[in-house]
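Based on the hints, put chains V and F in the right spot on chain Z.
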Amino acid sequence: MILDMRQVRKAFGGLVAVNNVDLTVQQGTIHAIIGPNGAGKTTFFNCVTALNPADSGEIVFEGTRIERLPTHIINRKGIARTFQNIRLFPYLSVLQNVVVGTHNQSSAGILASVLHTPRFREEERQMVEFAMSLLQQTGLVDKKDIYARNLPYGDQRRLEIARAMAGRPKVLLLDEPAAGMNTTETSSLEAFIRRLKDDGLTVVLIEHDMKLVMSIADVVSVIDHGVKIAEGTAETVQNDERVIEAYLGKRKDT
Amino acid sequence: MLFVQQLINGIAQGSLFALLAISFAIVYGVMRLVNFATGSLYMIGAFSGFFIVRYVVRDVFVAIFAGAVAGYIVAFVLEKLAFKALRGVARIASLICTIGFSVFLNELAAVLFGSEVKSMPAFYGQTAFRITGVAVSWLQVVMVATAATVLIILQLFIYKTKMGLAIRTVSLDYRTAALMGINVDRTISIAFSIAGAMAGIAGVLAAVYYNAVAFNMGNLPGLKSFSAAVFGGLTSIPGAIVGGYLLGIIENFGVQIISTGYRDIIGFIVLVAFLLFRPRGILGRKTSM
Amino acid sequence: MKLKSIRPAFVSFVLRYRVPFAILLGVLLVAYPWIVRNPYLLRVATNVGIAIILASSLNIIIGFSGLFSLGHAAFYGIGAYTSALLATRLGVPFWLGFPAAGIVAGLFGTFIGFATLRLRAVFLAFTTLGFGEITRIVILNWRDFTRGPLGIAGIPVPRLFGWSFTREANYYLILLLCAAVILFVYRIYHSRLGRALIAIREDETAARSMGINVFGYKILAFTIACTIAGLAGSFFAHFQRYVSADSFVADESFRIITMVALGGTGSITGPIVGAMILELFPEVFGFLAGYRQVIYGAVLITVIVLKPGGIVGVKGVFEKPRATRRSWIAQALLPRFNGGTR
Chain Z
64 MILDMRQVRK AFGGLVAVNN VDLTVQQGTI HAIIGPNGAG KTTFFNCVTA LNPADSGEIV
124 FEGTRIERLP THIINRKGIA RTFQNIRLFP YLSVLQNVVV GTHNQSSAGI LASVLHTPRF
184 REEERQMVEF AMSLLQQTGL VDKKDIYARN LPYGDQRRLE IARAMAGRPK VLLLDEPAAG
244 MNTTETSSLE AFIRRLKDDG LTVVLIEHDM KLVMSIADVV SVIDHGVKIA EGTAETVQND
304 ERVIEAYLGK RKDT
Chain V
5 MLFVQQLING IAQGSLFALL AISFAIVYGV MRLVNFATGS LYMIGAFSGF FIVRYVVRDV
65 FVAIFAGAVA GYIVAFVLEK LAFKALRGVA RIASLICTIG FSVFLNELAA VLFGSEVKSM
125 PAFYGQTAFR ITGVAVSWLQ VVMVATAATV LIILQLFIYK TKMGLAIRTV SLDYRTAALM
185 GINVDRTISI AFSIAGAMAG IAGVLAAVYY NAVAFNMGNL PGLKSFSAAV FGGLTSIPGA
245 IVGGYLLGII ENFGVQIIST GYRDIIGFIV LVAFLLFRPR GILGRKTSM
Chain F
115 MKLKSIRPAF VSFVLRYRVP FAILLGVLLV AYPWIVRNPY LLRVATNVGI AIILASSLNI
175 IIGFSGLFSL GHAAFYGIGA YTSALLATRL GVPFWLGFPA AGIVAGLFGT FIGFATLRLR
235 AVFLAFTTLG FGEITRIVIL NWRDFTRGPL GIAGIPVPRL FGWSFTREAN YYLILLLCAA
295 VILFVYRIYH SRLGRALIAI REDETAARSM GINVFGYKIL AFTIACTIAG LAGSFFAHFQ
355 RYVSADSFVA DESFRIITMV ALGGTGSITG PIVGAMILEL FPEVFGFLAG YRQVIYGAVL
415 ITVIVLKPGG IVGVKGVFEK PRATRRSWIA QALLPRFNGG TR
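Residue numbers (the numbering used here), protein chains in the order written: chain Z, 64 to 317; chain V, 5 to 293; chain F, 115 to 456.
One thing to keep in mind: the hints can contain errors.
[What the hints assert, rightly or not] Which residues of chain V face chain F? A partial, calculated answer using Cβ under 7 Å:
1) Leu-85
2) Ala-89
3) Phe-108
4) Glu-111
5) Val-138
6) Trp-142
7) Val-145
8) Lys-166
9) Val-234
10) Ile-262
11) Gly-265
12) Tyr-266
13) Ile-269
14) Phe-272
15) Val-274
Hints in this document: simulated from the structure, not taken from any laboratory. Bear in mind the structure is a predicted one, so any value in this text is a computation, not a measurement. The beta carbon of each residue, even a glycine, is placed where N, CA and C say it ideally should be.
Isolated chain Z, as found in the complex (with noise of 0.2 Å):
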């Protein structure tokens, strides 16, 4: 396993937004974390990231604990997300929001960067080509030079993919990557998920797309109110009585 997360517990207030979850992602997978609206999906993603560290509980990534450090550092370790609420640089253009997102592959310091010492050329032309190769396989590289506020819906969550990715991360956090795309950007995104997995990549997703789900997931958690009532495979999932009644509600209500 590659990440562990045990009895991780985040309260606002007296909203307890993921009430002691544990759950386990295993090396090379896609693991899928579903669940209604509300139910603490985000909450956890920021919880792994520590943008709002969790209350209490462990979150173990590759063998070392991780909950207490800040977020650039575990984005340092391996662990890239992103944002259900697209974040990207408005104002900075593709690929120089893929750039920045190469910051911790690079190394240049002030004095590098204002010599221009042939490190730092260097290194600045393997960030802008790694840059350009993540564009290429999303798909952006035509538009590489406009801002990222003027992208297309599906693009810009193409985007953030691609940024996320110039991390070279080990573990890969997506939120909602499919909301708002059409049937084709969903399958071309789910043929791309796949290639990341065959590259090696972990990736954990939280999706409200159930057909994408059920064709890419190794692993579905299903997350309610906090709390993880489900977990397996897409098919015994679909069948757990409990997922069923936290999405359709008591049969003997209906």
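Only chains V and F this time, still in chain Z's reference frame:
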């Protein structure tokens, strides 16, 4: 003796700072903007009071009313001239505008009324009563009473009227307020103008208290009361009042302990030190910005 | 392969012919003392140079990182006094006092940044404003050390191999410093550091999630800017040969902010343009006498209302789409934007 004397001076001056700090707090509350023209509105209030007393009627209360009206009108015009267009634009643009207005108003006053200090006729110089032998003048009583009255009226306005509710809502979240059908533009305009009136009243009181009016009289009180507002949490009116009076008192005691030369920074130093331990201010609420 | 940034059209025109433009500009700047042959104009040019350095450095804080600093003149003043005191009391030459001034101003910057940059943005504004006042008052009152209101006179001019810098030499020195600072800021902007700062300005949370140490970079940016201001102060002290607290008051901080905002927040050329306008305005409009400042205030407001990002500002957080209902100024000056024509 000296202790009581400094306390009384501190409270009298604190009234000025409290009114100015409220002006900062109202503007920051609804617009998230530090209004550096506050000191200029204070100066405009002082000049209005000065002209009323000099040429119309020798009455402090009429002068105070004139100062409030002048502050209200000038602030209203400023808001319409500039800040309305800058909503949604980065705050630095609005901030620069307040600096621009400050320069514009101060220098205009210098050109129109001259750059020399003008002396304001004295009022209420007689002793009202004595506390442990220390004389308290009627003027000091009037100042504190005026500030208290204004503060009470303001609280009633903010908490008991529909417009007050709108101002509170906008200061919490103007987008949601707009969705709720509140006319955000109008609310901000009125709140900004009321803040101008507060500064205007403070200006008249200062003119009477120091017997002096000058085009640049607002610069230092403006900067200092900004720190009083920060001390109170920047968006809280009660906080601003407490901050203002504390600043007045701290400054007057500080002068005794250290030296007069450092008068203008005692408040700053105490507040910076304090804020390092309690960044939200004394009565401020938690906000994201 | 160079990272292309997005520029307005007229800038790209200049950029297309940048080599001839640069050569022409370079020749003009070098020949300037012989073109004007006037000590006063040389002095004006030197002041413009100092202003450009101050505005460009403040731009790192305001424009790149999106932070408010309202006390830049204090760091400028600390640099000036450091250098002046070292020279007059200990006989330290300019060439040592100059870096020392930068270091001392930078250390103050680090200290203030460390204390306030974790807090809400407005606290940096408040603290720097307060620090500006504190610096001024301490200079005025600590008479044994700073000579108080008298200021420090008789600061020696820079000397090199027994040869004293005067007029033209000072002009070339500031020209060199200016070029160095502009190049420095330009290269920072187009480097990993600059990108990190801009990312922080655009979206702090996203920047943090990209592995950027937000607090650390903010401190770094603030320290760099304060160091440069300190260096400018040192030059100022040795050029004027006299320093006093009057040169480093809050108004001076506001003036530097105005240069940045008027010229163009966040762009490299903006602060240069702004510094030139603010320094030359009083020279050109001297005949307006008392009304000069009034007009200056009015022009400043008008420019910002019509173009919030500044004259040559970059697009970005500084110039978001406008509200549909405009201010009175905009309505009076931009009638074609009203009604259905757009």
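Supplied contact hint for V:Ala-89, tested at 7 Å Cβ to chain F: Holds: closest Cβ of chain F sits about 4 Å from V:Ala-89, inside 7 Å.
Chain F contact restraint on V:Val-274 - CB to CB distance below 7 Å: It is violated, given that the least Cβ distance between V:Val-274 and chain F is near 10 Å, above 7 Å.
Interface hint status, V:Val-145 versus chain F (Cβ within 7 Å): violated (31 Å)
Restraint check, 7 Å cut-off on beta carbons, for V:Gly-265 near chain F: At 4 Å from the nearest chain F Cβ, V:Gly-265 passes the 7 Å test, so the hint holds.
Per-residue hint verdict: V:Ile-262, partner chain F, C-beta under 7 Å: violated (9 Å)
Restraint outcome when V:Leu-85 is required to lie within 7 Å of chain F by C-beta distance: holds (5 Å)
Agreement of hint V:Ile-269 with chain F interface, Cβ distance less than 7 Å: Since chain F brings a Cβ to about 5 Å from V:Ile-269, closer than 7 Å, the hint holds.
Chain F contact restraint on V:Phe-108 - CB to CB distance below 7 Å: holds (3 Å)
Restraint check, 7 Å cut-off on beta carbons, for V:Trp-142 near chain F: Hint on V:Trp-142: violated, closest Cβ of chain F at ~33 Å, above 7 Å.
Hint validity - V:Val-234 Cβ closer than 7 Å to any chain F Cβ: holds (5 Å)
Interface hint outcome for V:Tyr-266 [beta carbon to chain F under 7 Å]: holds (6 Å)
Chain F contact restraint for V:Phe-272 - C-beta distance below 7 Å: Hint holds; V:Phe-272 Cβ to chain F Cβ min 4 Å, cut 7 Å.
This entry does not satisfy hints 5, 6, 7, 8, 10, 15, going by the numbered hints stated previously.
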